[in-house]
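Protein chains: 2
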Amino acid sequence: ENQETHNNQGRSKFMDFPFVSSAQKNLMVDLVSTLENRFHTQLLPCTLPSDVQYYQSQTATAQASLHIRAAHNDSPIDFVLGSWVHSELPTGGSLDITSLSAYLNSSTDAPNFVFEMIRSSPTMLLLILDLPPRKDLVLWPDDLKTFYEDTQLDKHRQTLERVPEVQPYFSSSLYIRTVSSPTAIMVRVLTENGGVERMEEIIRDHLDPISKQVLGIWLDHCACAKREVGEAERAYLKKRDGLIRNKTIEIDLGSSFPRLFGPEVANRVLEAIKEYFTV
Amino acid sequence: ENQETHNNQGRSKFMDFPFVSSAQKNLMVDLVSTLENRFHTQLLPCTLPSDVQYYQSQTATAQASLHIRAAHNDSPIDFVLGSWVHSELPTGGSLDITSLSAYLNSSTDAPNFVFEMIRSSPTMLLLILDLPPRKDLVLWPDDLKTFYEDTQLDKHRQTLERVPEVQPYFSSSLYIRTVSSPTAIMVRVLTENGGVERMEEIIRDHLDPISKQVLGIWLDHCACAKREVGEAERAYLKKRDGLIRNKTIEIDLGSSFPRLFGPEVANRVLEAIKEYFTV
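Which chain is which? The protein sequence lines are A and B, in order.
Quick note: the first sequence, position 201, residue 201 per this note's numbering, numbers continuous.
Quick note: the second sequence, position 247, residue 247 per this note's numbering, numbers continuous.
Okay, chain A solo, but in the shape it has when bound (with noise of 0.2 Å):
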C-alpha cells in the first residue's frame, strides 16, 4: 500500500504540469492519457523510486517530474516516458519542458514517437514531434512510403508552417538531426508581437490539434501495425536502438542535467533512466 500510495502521488504530480499554460498543459494531459488509454492493458505502473519521479535542486531553483511505464512481455511498447523540467533563469524568467515519448521495442520495426515542448520565455516555444524511424529509411524505401507517405504525415508539417509565428528550427544538434524522420516537426513559435495571448492561442488552435492528429498516425500506423521481423532485423533495430538512446542520455540529459540539477541528483535520476534505455 505504501509502494502505491507513493506511485499515485508521483504519478498526480506528474500529471498536474504546474508550471504551464493551461493550453499547454491540456495538450499534455491529452496527449499522456490517449497514448496511456490505447495501451491501458499493456503498460505497467511507473516505479521509478519516489525521489527520481519528482526531484530538484539544492537550492530548490529547479524542479522536474519523470514518469515511466514499461509494459508486458507481449506488447510491442518497450517503454512510455513523460516529464517536465521547470528552472527558474538567472534572468528572471523561466525554462519549462514537457515531453511525452513512447519506445516501441524490437518485434516491431515501426517508427518511435517523440513530442516535446520547450519554453524559454513567455513568447518563444520550441516544438519538436516526429516519428524518428528505427531504421535507414534508404535501404528500406517501403518503410518511408508506408510510415511517412502513405499516411501524410508531411501534411501536418506544411498545416503548422503556414502559422505566421512558426518558422522551422534547426537543432544545434547534428546527432538530433540525424535521427529525426524527414517529416519531423520542428519549429520555433515566436509571438513577440502577440504576446502570451497570442502563443496560448497558437497552442490551442495548432499545436494542439497537429499533436493529436501526428500522435493518432502512430497509434494507428506504427504502434499497432503488424509487422513481421525476422532474426538478422532484430538484431539490427537492437543495435540501432540501442545508440540512438545511448546518445539521446548523452545530449539530450547529460548535458543539461548537471547543470541544473547539480550532479548528484542528476547522476541518480541518470542511473534510473538508463535501465529503461538499455536495449
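Hints are computed from structural coordinates only; laboratory data are not their basis.
You may find that some hints are simply not true.
A pair holds if it fits inside one copy or across any two, identical chains being indistinguishable in the list.
Within a straight-line C-alpha distance of at most 25 Å, the following computed SDA-like cross-link-like pairs (lysine to any residue) qualify [what the hints assert, rightly or not]:
(1) K13 / N105
(2) K145 / F277
(3) K145 / G216
(4) K247 / Q158
Starting from the known structure of chain A, arrange chain B on it as the hints suggest.
Just chain B now, with coordinates in the frame of chain A:
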C-alpha cells in the same frame, strides 16, 4: 579527331551556360573548374553521344546540356556530372536548372557532392547544396563527427540563413529529404521586392562564396580523405549507392524529363545516364 571535335563542342556548350545570369554562370564555371582541376589527372573526357551532350525537345522550347566524366580506376571518383536545362514556360517566363554533382566509388565511404540551382522566375531560386552521406550516420556517429561536425559544415548553412530573402526549403519528395545530410543547404531565395538585381547580388555575395567553401570542404576532407573500407563495408556502400542512384533517376529525372523533352529524347538521355548510375 572527329570524336575530339565533337567532345570539345559538347564541352563548350556545357560550360557556356547560355541562359543564366552572369553571377550564376560565373559560379557554375568556377565550381566545375575547381573540381576538374583538382582531379585533372584522374578524370577521363566526356564520351557521351553528341545528342546526349546537347539535346532539345521537338519544338525546341526546351534544351539542355549534359556533361559526364568518369575517372581512372585508381581514383576515388566514380564520375562527375554537370548539366544545364532551359525550358520556356507557358506563362512566358523560363525554367533554368544548373547542376554539378560528384559521385565517389566504393573505395571510399566519404560523402558525395551535390549542387543544384533551380530558377523558375527571375526573383525565385532554389538552391540545393549538400554532401549526402553514403552510410547511415546513426550507425556511424564517427562519420558524422569527421565529415560534418569537425569540418564545421553547418556554419555555412547558418550564414546563408541570416540573409533576409533566404528561407528553408522542404522538398516535396520525402526521399530527397531522407538522403540529405544533417547540414544540407536547401533554401528558397525570394527577391520580389529587390527584383532581379537583388537576386544577382545574393548569388554573387552569398551563394557564390558559400558554395565554393562547401566544395572546398568536400575536396579537402571527403574526396581526398584516406579511408579504410573493408569487404563488408564495400558491399554495403554498393547496395546503398545503388538504391540512391536508382531513386535519383526515378524522382529527379524520370518524371520531369519526359514532360520537358518528350518521351523519345528523355528515354535516350536516361539510358545514357543509367550506364554511369549503375553501381
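A quick look at each hint next to the structure:
1. With identical chains, the CA atoms of K13 and N105 are never at most 25 Å apart, being 28 Å at best within one copy and 56 Å at best between copies.
2. For the homomeric pair K145 and F277, the shortest alpha-carbon distance between copies (23 Å) is at most 25 Å, but the shortest distance inside one copy (28 Å) is not.
3. In the homo-oligomer, the alpha carbons of K145 and G216 lie at most 25 Å apart inside one protomer (18 Å), although the nearest pairing across protomers, at 35 Å, exceeds that limit.
4. Taking the shortest alpha-carbon separations for K247 and Q158, only the inter-copy value of 24 Å comes in at or below 25 Å, while the best intra-copy value is 29 Å.
Checked against the numbered hints given earlier, this structure breaks only hint 1.
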